[in-house]
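There are 2 protein chains.
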Amino acid sequence: MRADRKGYDPARILLSVSNTVSTSLSLKEVSRVVLRESINALGTDHSSLFLIDESRRHLMLEEVMGFKRDEIENIKVLGSWEAINTQLVKRKKPLMVNDVHRNLLFKDKKLPFSKERLPVSSFLAAPLIKDREVIGALIVSNKKRSMRVFAKEDMHLLRTLSNHVAIALLNARLYEDMRELFISTVKSLVRAIDAKDPYTSGHSERVMRYSTAIGRVMGLDEARLENLGLSSLLHDVGKIGIREKILAKPGKLSSLEKRQMRLHTSIGVRIVDTIKNAGKIIRGIKEHHERFDGKGYPAGLKGGAISPEARIVAVADTFDALTTNRPYRKAHTKDRAFLNIRRGSSRQFDPAVVRAFVSSYKKDPRTWSP
Amino acid sequence: MRADRKGYDPARILLSVSNTVSTSLSLKEVSRVVLRESINALGTDHSSLFLIDESRRHLMLEEVMGFKRDEIENIKVLGSWEAINTQLVKRKKPLMVNDVHRNLLFKDKKLPFSKERLPVSSFLAAPLIKDREVIGALIVSNKKRSMRVFAKEDMHLLRTLSNHVAIALLNARLYEDMRELFISTVKSLVRAIDAKDPYTSGHSERVMRYSTAIGRVMGLDEARLENLGLSSLLHDVGKIGIREKILAKPGKLSSLEKRQMRLHTSIGVRIVDTIKNAGKIIRGIKEHHERFDGKGYPAGLKGGAISPEARIVAVADTFDALTTNRPYRKAHTKDRAFLNIRRGSSRQFDPAVVRAFVSSYKKDPRTWSP
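Chains as they are written, first to last, in my numbering: chain H, 8 to 377; chain Z, 8 to 377.
Since the hints were made in silico from the structure, they are not lab data. The C-beta atom is built at its ideal place from N, Cα and C for all residues, glycine as well. Just to be clear, a hint being listed does not mean it is correct.
Claimed, not checked - Restraint-style ranges between C-beta atoms, simulated for each label pair:
(1) H:265 to Z:137: 46 to 54 Å
(2) H:284 to Z:208: 23 to 31 Å
(3) Z:228 to H:139: 17 to 25 Å
(4) H:139 to Z:89: 44 to 52 Å
(5) Z:187 to H:257: 36 to 44 Å
As the list claims (entries may be wrong) - Chain H side only, calculated, beta carbon under 8 Å to chain Z, not exhaustive:
(6) 25
(7) 29
(8) 198
(9) 203
(10) 281
So here's chain H without its partners, still in its complex pose (with noise of 0.2 Å):
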């Protein structure tokens, strides 16, 4: 295989490529290096992904690289634009335009190509094939060398980036459908089991979403976040093992009923355990309700004792028990709710995540909305 008059060789670009965008598994990963690497493939100002919907019929934008923001709105166009459609989607071939303002194709006053809307002059666009099947479309514009004119081996190139990439692509997909079915599944069973707690319906939900706002702030790395997600998740699972009665009984408990309700940590423990890799979430659930002074349950553990997972879920935790109705009192409002909080900095909970959660309440409001 001899290198083109250019100066790139294609099979080492395409190895290059290849591997690449192999690394990850994370779709917006994939999705960047893909255009990355295409726009240095074959020099051009910008690429774009487009991914195929459900119906399989229309191209959704994905990903650009290269575009101002203004200009992206304007490029989302050409993924439903007919002559795209027609030629990628329906006979899976690439479409390959030198001069946009003086083709016949765009005579389409709709399209939206002009210095200040969409700077494009030329472009390149191949379909994403997996199994005979367009899976979406990659798009390159306006070529930088060779007299800024895309040329035969520069489709070449870009149709055999696309088959390349496109296995990539799919398999982040099918990564992160798993993933999306994983939580999804895990909150409607967990639903179901707070649904047995009239006064706690949506409640794990909303603390998985306060837990996980605090531990952003906290600047935890995407792996913890993802066991906070589910430990704050899981939180309460033990109260499947706690009598009806107890849970939705409607004045104050006895000191025995308390005692009893007050398993439902060492229960979830007990459930959760049989999850594999379960290590990683289980403290989250065991130490929601020790204390920052030592004076929680069930083992009184104190400060950098607790884990960190645990010391954010009790904050958490209590922001949503004081936000909505219970047993033997109303909804506090929101603000009372916030001020308790801070009241108790140090006491029941660790200042630090105190902290985080005053900036998040205040930074994102609509996130601390029951």
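Assemble chain Z onto chain H, guided by the hints.
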């Protein structure tokens, strides 16, 4: 890049390999492709793939190609063999041995190299590295071309090839880890729900095992088996919505209580309906108490109008109900349950499902033990 003397072009080979290995997220499939492609690329009799265990110190045999069944046991030894471990796992370097029987490294008498036990005369081993960590090893043995001698360029090729397949293997592992986390989480939540009904502890998991066994005999593909598995695991999830008093009632249910109990299929549908892509698993839950003769509930569907998944779950569910203790009677023996189900063919059950049940029950009695 020029083709080398042997007439094979490393870039082309690598390109083809790195594409082929990425087309699946199944560890088994990816492994097979890796082995096949390395045998082809290097022209050897066999190849073997090892993956590192959780302690990150031992190489465990994952998959082989080209060896006879008896020889596979002996190749396992290579993974824990000192010379391989030092060179590949500790030094992260490849190892090339062209005459096993004359090489000093092989004075070790415990090694099983011999015509009868493991007919390997030369081999080439390379570590699989991702993010500077050794995740496994790829070993090809018995060079067929080039005077049966491995050369430096083979070593270079195997090394590059190993880097490429490492990513695909890791992606497959990540995907399977996520799947296992998913299944084990759902299992543990379902187990907690089962536990509310003291008579059905472990019921859902057994029905999953039975349903999958029937589905396998009926020739369902992997994707449908997976949906069937999830559907059967969740078939009784709606029982979470039934009051404890009714679930745990030791005597016979009144007709009002029976009506409430029968709501569990529709409650299950409501719970599962919030899961993304639940479409494929919902009918197994909704229709698992329908009867083939149309006399079931909730809709009185008949024959083929009942989804295949629900027709399978119906048999699996009944077999488990018959072979475990119930509030109103002791468990039947397996053989009595077997006869009961056979007698229900065409009336309560789809005869095709009963045939598959009979065949699985006779062929694989271990699966059918509560």
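Structure-based check of each hint:
A beta carbon spacing of about 51 Å between residue 265 of chain H and residue 137 of chain Z agrees with the range 46 to 54 Å that was offered as a hint. Judged by the Cβ atoms, the range 23 to 31 Å given for residue 284 of chain H and residue 208 of chain Z holds: they are separated by roughly 24 Å. Against the hinted window of 17 to 25 Å, the Cβ-Cβ separation of residue 228 of chain Z and residue 139 of chain H comes to about 19 Å, which satisfies the hint. In this structure, residue 139 of chain H and residue 89 of chain Z meet the distance hint of 44 to 52 Å, their C-beta atoms being roughly 50 Å apart.
Between residue 187 of chain Z and residue 257 of chain H the Cβ separation comes to about 42 Å, which falls inside the hinted range of 36 to 44 Å. Below 8 Å, beta-carbon pairs count as interface contacts, and residue 25 of chain H has one with chain Z at about 5 Å; its hint therefore holds. Interface restraint check for residue 29 of chain H: the shortest CB-CB distance to chain Z comes to about 5 Å, inside 8 Å, so the restraint holds. At a threshold of 8 Å, the smallest CB-CB gap from residue 198 of chain H to chain Z is about 7 Å, leaving the interface hint in force.
For residue 203 of chain H, the shortest C-beta to C-beta distance to chain Z is roughly 7 Å, which falls under 8 Å, so the interface hint holds. A distance limit of 8 Å between C-beta atoms decides the matter here; for residue 281 of chain H the minimum to chain Z is near 5 Å, and the interface restraint holds.
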